[in-house]
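*Asks:* In case you want the letters, here they are:
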Amino acid sequence: MNNITLGKYIPYNSVIHRMDPRNKIISMIIFMVLIFLKFSSVPMNFFIYGCLFVVLFIVMKIAHIRFRMLFSQLKALWIMIFILLIVNLIVPGDESYGYFEFFNTGWKIYYSAIYNTLYIIVRLIIMLGISLVLTATTKPLEITNALEWLMKPLKVIRFPVHEIAMTISLALRFIPTLLEETDRIMKAQASRGVDFEHGSFKEKVRAIISLIVPLFISAFQRSGELADAMEARGYDPSAVRTKYRVNKWHTRDTICISIVLILLGGLITLSVMKIDVVAMIVSVVESWF
Amino acid sequence: MPIKFSHLNYVYSKDTPLETAALHDINLDIIDGSFVCLVGHTGSGKSTLIQHINALLTPTSGSVDVNGIKVMNKKDKKGFLKSLSKEERKHQNIKEIRKNVGLVFQFPEYQLFEETVLKDVSFGPKNFGFSDEEAIKKAKESLKLVGIDESLYDKSPFELSGGQRRRVAIAGIISLNPDILILDEPTAGLDPQGSNEMMELFNILYKNGTTIIMVTHDMDIVIKYATDVIVLKKGDIILECKPHSLFLNDEILKELCVEEPKPISFAKDLIKNGMKISLENVKDTDTLIEEICKARVKYE
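Here the protein sequences come in this chain order: A and B. Following the working numbering, the numbering of the first sequence begins with 9 at its first residue and continues without gaps. Following the working numbering, the numbering of the second sequence begins with 4 at its first residue and continues without gaps.
No lab work stands behind these hints, which were simulated from the structure alone. Think of the CB as a built atom: it goes at the ideal place given N, C-alpha and C, for glycine as much as any other residue. Heads up, a few of these hints could be off.
[Unchecked claim] Here are some, though not all, of the chain B residues that point toward chain A, as calculated from beta-carbon distances under 8 Å:
id, residue
1, Lys-89
2, Gly-197
3, Leu-256
[Stated by the list, open to error] Under the rule of at most 16 Å between Cα atoms (straight-line distance), these lysine to aspartate or glutamate pairs were calculated in the EDC-like manner:
id, chain 1, residue 1, chain 2, residue 2
4, A, Lys-195, B, Asp-187
5, B, Lys-129, A, Asp-203
6, B, Lys-237, B, Glu-258
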């Protein structure tokens with residue numbers, strides 16, 4: 009159970025750790041937008057994904073995040089990727105990329121289906137990677153602080169910004185606690201002979217029930233206790249409050265966001281103007297020989 | 004069912020920045036029919052140690068031997084299994100350990116989940132292959148042992164009080180008839196009477212031949228029931244002794260930040276002032292009175 013690394017803060021003292029969380033969130037959102045840009049040709053798409061991969065790799069290196077961590081999280085996604093591939097293969101695709109016949113059975117497999125599946129896989133990996141960078145280098149409290157700041161304008165339309173930020177921070181706060189609890193209950197049931205790994209489907213369902221029921225009960229109990237504790241300390245969501253941690257915007261944040269914005273501008277230009285860098289490179293190389 | 008720890012190391016979250024060594028080079032023998040108390044500060048590795056006996060944690064290196072079945076990490080175990088004959092290999096089943104070693108976690112009441120008390124207690128035996136009737140029979144026996152009234156058998160465990168729930172949870176482990184019963188602070192959060200009743204229950208099991216291993220902070224329990232004490236500090240065993248020697252060792256007492264039990268300090272004062280009583284026999288107030296009477300008889 010302890011191998012779940014998603015959303016876990018990993019303490020290091022890197023540049024990325026020290027950056028302003030507001031900057032990190034904005035940069036992450038922009039980076040995610042980049043992933044979904046579409047370019048003029050298939051090789052160009054993969055070329056850009058490759059570039060984004062390199063950027064991601066460098067960022068992860070700076071933040072001391074191991075690549076292995078990213079791939080251990082992908083394990084759960086393999087089934088989804090497989091289903092996506094099947095769906096894409098069955099549904100008739102875009103003929104413009106051509107197709108080939110599946111072992112002369114008359115079943116057409118479109119290249120576009122394969123490309124689309126590959127796009128989704130690559131996008132998923134990059135998205136997971138970039139969100140991993142955010143959660144691994146930023147404490148949950150900092151994230152919610154930043155979110156609260158970013159959502160401030162919504163207060164005008166009476167959007168409960170503070171309440172939402174508080175809810176998110178509590179939810180994030182309880183992820184490790186619930187994981188620990190899960191681990192504990194799993195062990196307790198394992199010592200009563202529950203086998204969570206082997207056994208028939210029926211046995212597995214029973215094993216899961218023996219885990220989920222106690223987990224829910226303790227989660228409800230915890231939330232009740234927490235609410236009481238907050239009330240006992242006079243918590244009032246509508247009250248104006250000062251902050252213990254104040255976000256500070258440094259030069260490094262300006263630099264980071266500038267780089268991301270330049271990337272965004274550049275890639276949008278390439279996408280809108282339909283500039284095919286790969287084709288250009290290929291033609292230049294060809295002209296040399 | 005003797006237990007033998009040899010050169011056991013355990014590291015949490017190995018190869019990450021959160022890496023923490025929890026146990027280093029533990030060598031320990033626990034013989035049949037003993038009542039062992041584990042004491043030490045929070046984070047000294049007590050809970051980590053006991054989870055190895057039930058194969059819930061596998062050592063980073065080294066091994067635990069429970070009645071000939073070895074608990075090792077995957078790599079070591081593979082090598083070990085290779086050295087065995089086919090017949091011997093069959094014997095090396097982790098489930099066999101779980102069946103013979105009952106582990107009661109701290110606040111075990113949180114592991115209840117079935118609709119009725121009886122169903123929950125019979126859950127364990129059913130998992131280990133007993134038929135429904137046998138499991139129900141075992142459940143009834145152990146519920147009787149922990150003192151749960153028959154009228155509660157068909158109630159939901161969540162309707163019971165905290166103390167009752169804990170009894171039910173403990174019954175759920177006892178119903179497996181384990182040869183070794185491991186308890187992680189079973190009396191934490193109970194009132195003194197509930198705590199005494201609970202300890203008497205474990206004492207009955209101990210007298211019936213069950214090996215008891217208990218994590219506790221309560222020195223009164225240690226002196227009254229334990230046959231051996233193991234003191235842990237930051238993942239090392241710093242003392243392994245009889246309960247009385249623990250209270251003669253001021254340094255350790257200071258280290259543990261505990262006060263010695265009242266009967267012991269009273270007896271020590273009496274000895275200091277010339278009364279001839281043997282400290283080894285003093286376990287609680289009753290035995291202290293007995294000792295004083297004996298000494299008086301000799302004196303007269």
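*Asks:* Hints first: check each against the structure and report whether it holds.
*Replies:* Right, here's what the structure says about each hint:
Proximity of B:Lys-89 to chain A is violated relative to the hint, the smallest CB-CB distance being about 21 Å (cut-off 8 Å). Interface restraint check: B:Gly-197 against chain A, minimum CB-CB distance 20 Å, threshold 8 Å, status violated. Interface restraint check: B:Leu-256 against chain A, minimum CB-CB distance 31 Å, threshold 8 Å, status violated. About 13 Å separates the Cα atoms of A:Lys-195 and B:Asp-187, which keeps this hinted pair within 16 Å; it holds.
As the CA atoms of B:Lys-129 and A:Asp-203 are separated by approximately 12 Å, the hinted pair is consistent with the 16 Å bound. For the suggested pair B:Lys-237 and B:Glu-258, the alpha carbons sit about 12 Å apart, so the restraint of at most 16 Å is met.
When held up to the earlier numbered hints, the structure conflicts with 1, 2, 3 and fits the remainder.
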